[in-house]
Structures are given as C-alpha cells and as structure tokens.
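With these hints in hand, go ahead and build the complete structure from the sequences.
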Amino acid sequence: MNWIYFFDLCGTAVFALSGALAAGKHRMDPFGVIVLAAVTAVGGGTIRDAIIGATPVFWITDPNYIAVILATVVACLIFIRKPYKLSNKSLPIADAFGLALFTVIGAEKALSLELSGMAAVVVGLITGVGGGIIRDVLCRQVPMVLRTEVYATASIVGGISYTISLQAGMGNMTALSLAMLSTLIIRLSAIHWHLSLPAFDLKTKK
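Sequential numbering from 36 applies to the sequence shown in the numbering used here.
To be clear, the hints were calculated from the coordinates, so they are not data collected in a lab.
Each statement offered as a hint is correct.
Derived pair list, reagent style DMTMM-like, types lysine to aspartate or glutamate, alpha-carbon separation capped at 25 angstroms: (1) Lys124 - Asp171; (2) Lys60 - Glu184; (3) Lys124 - Asp64; (4) Lys124 - Glu184; (5) Lys238 - Glu184; (6) Lys60 - Asp171.
In this text, all values refer to a predicted model and were calculated from it rather than measured experimentally.
Below, the structure written as structure tokens:
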C-alpha cells in the first residue's frame, strides 16, 4: 500500500472538512460549501506544484482527490445539520490534523524531487498553510498563519523534524509519523492552552 498517497487523501478529506465547517459557520449555500472545501483541500498542494514545477497539478491528473472532496462535503451536509452546535474548537482541530498531514506530504514531495532540506521545509509549510489562507481570505478573515496563534511554527517544526529524521537514517514511515506527531502536538497544545506568539503592535499617536 502506498502510505504517502493514503495520507495525502486523508489530508484532503480533513482540510475539505475544515473548509466545509467554515462555510457552515458563515451560512454559505451548498455551492459555497463545495468551493470553500475544495480550495481548502487542494489550494496548498496546487501552489506547491506550481512552484516546484510538478505540472499538471496532482488533482487534475488524479480524480480521486475531487471525489474525496465531494464525498466529504456530502457527508458534512447530511450529518452536520446544525453547525452552531459544534464546539468553537472543531474547525481549528480539523485544521490542525490537515496541517500535520499536508506539511509532511509537501516536504516528502520536495525531497522526492531532490530539493534541499531547507526547500523541503518551505514547501511543506506552503502545502500545509496554503489552503487555509485561501479559505480564510474568502471568509474575509485574517488567515490563521498571519495571526499570533502558533500555526506556521508547528508546520515548520514538522518539516524540520521530517528532514532531520531522514538524514539521521530513519525509515520514511517513521520519519513521517514523527513529523506529523510533532506538528500535531504543537498545534493542538496551542489550541488547548491558547498559546500564541507576541504580536508586532505599532501604536500610532492620536
């Protein structure tokens, strides 16, 4: 079984769910739910493939990604009928799992193309946060990655963990698991304990 491909589809489903939840929170119609779920799920990977020249992008050549997105949206529309009853942490938690999965997928793809370790970390970051940025912009919110929340930091740590683990001689699956776990622990800890980075606050004189 190709575990990288399996994790990629899982990440697609999780990010599609976070997009659908965001759409429900903003009372969008079914078409809006599909659009927001899709751009959240494949936005980061699309930017990644365009940057590293892996064209045509992955979801164009493999319809399974679109099928996963549509299935996730349909399930969300059927089983989650009252979004306002969900916990306020539902969207951030779903997003955290997507971030962990896509960070390592992006880093793995960069290394498979023989890019440097530093480039792999950056590509992993772009893959992890790209879809969320598009989602938040469409919802007219400041993207999570630009707020004081510990978000991009978790992705960077995951990317570094993955590249260092491989350089240390660990197997690919062990390195993937360790990187996803480190990203997830940092992000979920930040959500639970409301951890944040200091804000860059320039106050102007009145």
